[in-house]
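Listed below, chain by chain, are the residues.
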Amino acid sequence: MMQKESETQKDEKGDVLKMVLEIGRVCIKTAGRDAGKHCVVIDMLDNNVALIDGATRRRKCNILHLEPTARKVDISKDADHEAVKKAFSQIGIDIKDTAPKKAGSRPSKQPRKKEYPAEKKKKKPKEAQPLKDAEKSKVIDVVPEKEVEVQPEKNPEQKKKAGKTLPGGTTVKAPSKKP
Amino acid sequence: MAATIFKQSRSFRVVKVKAPGNRIVVHWRKRNPKGAHCGKCGTLLNGMPRLRPVELNKLSKSQKRPERPYGGMLCSSCTRQVFIEKARAK
Ligand SMILES: [Zn+2]
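Taken in sequence, the protein lines are chains A and B.
Going by numbering that gives the first Met the number 0, the first sequence opens with residue 0, and the numbers climb by one from there.
Going by numbering that gives the first Met the number 0, the second sequence opens with residue 0, and the numbers climb by one from there.
You can trust all of the hints, since none of them are fake.
Partial selection, computed: residues in chain B whose CB lies under 7 Å from chain A:
#, residue
1, E66
2, R67
3, P68
4, R79
5, F82
6, I83
7, A86
Just so you know, the hints here were simulated from the structure itself, not pulled from any lab data.
Note that the Cβ used here is the ideal one computed from N, Cα and C, for glycine as well.
Input sequences plus hints: build the corresponding full structure.
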């Protein structure tokens with residue numbers, strides 16, 4: 000069993016790491032959600048911070064969260080992800096690139112359908128379907144008539160039909176003028 | 000008929016609830032389970048809720064355990080040691 004790292008041990012480890020870590024050094028990440036995955040040092044941003052890429056996400060990393068291995072890879076500073084991929088394939092480490100999820104791919108929870116009594120079920124489809132068909136035909140015919148405001152007053156029957164079929168915003172004027 | 004449970008015992012805990020009329024009523028609820036412990040060193044794990052299974056079902060996956068390998072099984076320092084050992088073994 001290994002003992003837990005004390006603070007003095009951490010300082011010693013940090014001093015060693017600063018000597019060892021260079022661009023192209025293959026490491027294993029030991030902390031966080033990418034722990035246990037291989038990565039390469041692409042750049043040293045700071046004395047204590049490295050930019051890494053590989054099987055992990057491309058990110059900044061505290062050098063204390065890296066464990067260097069004996070392997071090294073030929074890579075330029077700030078190399079692309081594809082270049083890192085090529086270099087890793089030569090060593091024999093596979094990198095899985097996860098594509099972002101598509102919006103429609105996940106099954107969504109559907110709420111339970113309430114069971115209505117039989118009367119309501121019959122009414123709804125009858126009212127809804129024929130109106131929709133009628134709307135399309137009537138809307139096209141009625142719209143040019145409606146631009147002239149005086150005409151609908153003479154024929155109240157036309158008004159009612161138009162008021163039902165058109166969406167609410169356009170038909171507000173007609174019913175208000177009746178009284 | 001199911002046997003009635005005697006609630007005013009040590010296996011239940013007391014919760015004080017404010018009832019309408021501004022009076023305080025004592026409720027008896029089941030005790031919460033022990034917290035999760037590290038499988039290697041035995042310390043209490045951080046970031047793990049201490050709730051009954053019914054309450055745990057209401058939480059999301061990321062609220063139930065830290066999102067790292069061995070999360071919810073080993074503590075953070077033990078996982079670090081595991082990965083360091085693996086890296087040095089190669
Ligand atoms: Zn532990």
